[in-house]
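Please model the entire structure based on the sequences and the hints provided.
One-letter residues, chain by chain:
2 protein chains.
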Amino acid sequence: MSSKVSAKKILEEVGAEAGDVIKIVKPNITYKGILLDRPETFDKNYITLKLDNGYNIGIDISDAKIELIEKSTKSEIKFEGLDIKEDPNLPFISIISTGGTISSIIDYRTGAVHPRFTANDLLNAYPELLDEANIKCKEILNILSENMDPKYWEKIARAIYKEIKNGVDGIVVTHGTDTMHYTAAALAFMIRTPIPIILTGAQRSSDRPSTDARLNLISSVVAAKSDIAEVAVCMHATPHDRECYLHRGVKVRKMHTSRRDAFLSINDLPLAKIKDNKVEIINNNYIKRDTMEPKLNNKLEPKVALIKTYPGMNAEIIDFYVENNYQGIVIEGTGLGHCAESLIPSIKRAKDAGIPVVMTSQCINGRINMNVYSTGRKLLKAGVIPAQDMLPEVALVKLMWVLGQTKDFEEVSKMMTKNLVGEINNKSSLIYFPGGYHGLEKDRS
Amino acid sequence: MSSKVSAKKILEEVGAEAGDVIKIVKPNITYKGILLDRPETFDKNYITLKLDNGYNIGIDISDAKIELIEKSTKSEIKFEGLDIKEDPNLPFISIISTGGTISSIIDYRTGAVHPRFTANDLLNAYPELLDEANIKCKEILNILSENMDPKYWEKIARAIYKEIKNGVDGIVVTHGTDTMHYTAAALAFMIRTPIPIILTGAQRSSDRPSTDARLNLISSVVAAKSDIAEVAVCMHATPHDRECYLHRGVKVRKMHTSRRDAFLSINDLPLAKIKDNKVEIINNNYIKRDTMEPKLNNKLEPKVALIKTYPGMNAEIIDFYVENNYQGIVIEGTGLGHCAESLIPSIKRAKDAGIPVVMTSQCINGRINMNVYSTGRKLLKAGVIPAQDMLPEVALVKLMWVLGQTKDFEEVSKMMTKNLVGEINNKSSLIYFPGGYHGLEKDRS
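For the protein sequence lines, the chains are A and B, in the order given.
For the first sequence, position 87 matches number 87 in UniProt numbering, and the numbering has no gaps at all.
For the second sequence, position 396 matches number 396 in UniProt numbering, and the numbering has no gaps at all.
Keep in mind that the hints were calculated from the coordinates and are not lab data.
Take every hint as true, because none was put in to throw you off.
Any copy will do: because identical chains look the same in the list, a pair fits if it lies in one copy or spans two.
Cross-link-like lysine-lysine pairs, in silico, DSS-like; alpha carbons within 25 Å at most:
hint : residue 1 : residue 2
1    : 303       : 348
2    : 418       : 44
3    : 151       : 303
4    : 427       : 44
5    : 65        : 44
6    : 8         : 23
7    : 9         : 71
8    : 381       : 8
9    : 378       : 50
10   : 407       : 381
Quick caveat, the model's predicted, so the values are computed rather than measured.
So this is what it looks like as structure tokens:
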């Protein structure tokens, strides 16, 4: 077959469409699988096949013959219901599902991923969870987390609080990974909890053989049984399917687009490692089970802006937010908490209009210190509130929450600079920062 | 002395002001040094002293007696001029200074840091540079880099190009660290170079004993003599004063507010390590000296916006930029390159108005892939240009540069998705990402 003939044309000739089962016969090898919808590769004569083992493979079909084996039929994945009996010797854990990749399956017609699994489906898929706890599942949302919104945080917080009051021993929230760290921070400010609240997700959907959902979910259930009564994120610790880290919800960030170990503790150590269904404490500085009386305070002011500064940024964007009645602004500045001096008059106008302006750093790691350089001092004089070692995302969520409690500028300023739930660490440590080693250096001391 | 008496009052009583030399007599120890201006510590009864060895120390003066030794006199630091002779056996390196901490000294009256050292001052401070090369210094700016602006990039590029045409063997640019990675990216797009162009700076000012300026500067001169004819950033590789990494200018980011090893290569390996004034190549994939004909193309379109998305973000901010005649928009989305679906209509309107919208990820590490999830596919359909594994900051600078060359949408889209100067890496490697190890794990494989 000539390489001038496009994959599109070849597929048309045999009548094969995305979703169909096809056979590809090459000189030395034959493949059978479901044709995925990847038209962007067609002009390079590549097609993508979903093999029986679940993996996708790209195949050059310049020298191949293609046979249509079976036209696609729309199929629903259905698990058999399990007959679950309560074991009074095991703790009671609630799994609340909100959507995301962990609740998703691949649509083999389009090759794209859609949310569909509920928490109940996950329980059916991983019945070994029932060896760890009595598990009750509840679906309260089914969205991809890029569509997460402050009003949903309020809803999730209410659902969690209800479960706490119901007397469960721990809660697992399944969530998309894109904005899981924002939700974790929001829940940490909204809920005072006597039990663990563990958020988890997956970087590969639950119906893939390579999914990280199983280990993340079972580790989260183990963490939810533990003594760590905080809002925490439980995700893979390494690229391997071996162990998870438990990260404090206000000190964690998604730091890689696709890796299973994408979540890192920032300016803090992970709380614990979960390995072989056991909790190994890393960071002894945590709130213990049954220390806090449960309390829900889920009121937020959603009209808060996050502005990342950059060379050449025009101050008009700050004026825009002030004119449009935003109630607070978080700036993601540079270095120790700076921005171009040309922005300072607009920042001062915001402050004079009663709008708190909070400074964080786009360096992500490390601490704001606005006393070192002249720019920082000018910003402090203009009334900017330094966010210390808070992540920009956490400062944003905290400002929404603080403004939900009070609009008094002095009170907001005091609350923003005070550690409330572990979001500000007064001490730093060299090992908080992975550094530039990239595995090249052994000596990290 | 009672702990109820404030430090402010005690200092007033003895007539001591910031900048004065004072003596502090405590029961078991006596200190002498310059009083720094840190009023924020006064109500805790702490004052900060600059000791003769150059270090700052915080001292509790509740139980101390204070004596005023000497009132401050405004002093200018001046280095003796060196009588520099040309050595024809050594390469010729130009150092271009633009300001920043490396060019700064502490104002002991206020405790703040101001830019003042020129490249010539640095040469006077570190005459050992002359063992490495014949060095010519040129000051073209003296600003803190938070005030860096695209129009300054054009100016720096012109100055560099002039030195290339003058026939020097390499160029070092001293720069503030806050936005050094933005400038490095801008220069990489603007200048085709047959010689190394090395940016460096300091996290501690040059008059401090703890300064990183000396090692960064000498390592940069060594790198400027090397075979690596790219725009690169040379900064400490570890927190120690031992070695530097050379990072490709379009693949580097300031990842810590204060550490000396704050700069990391992202989605790439460092080009080299500079240790004991020697270059050890790490990444063989670099452009060699004298491969390229020099060319300057420093035209930029500065009206480009960078928008970081977050839960609850209102689409009106995109409309604002479109209405205000911005010529391009870079979105720092979540995960693989997503944002809330509620933003898509505004993104589509921007695209329909001929404004290219480029998608990057706030995860920083990893690659955009907008084919996996339904949101990504919808964004692609709306005309969003995926920035692959480009850093958001680099995508912003590249879009400014590309729009300086053409306003044709298809041409912009083609240039943005094509690797021009190393800003897009088609292959990824596990070791690009330091991961969540924090020194806790030995096995990185």
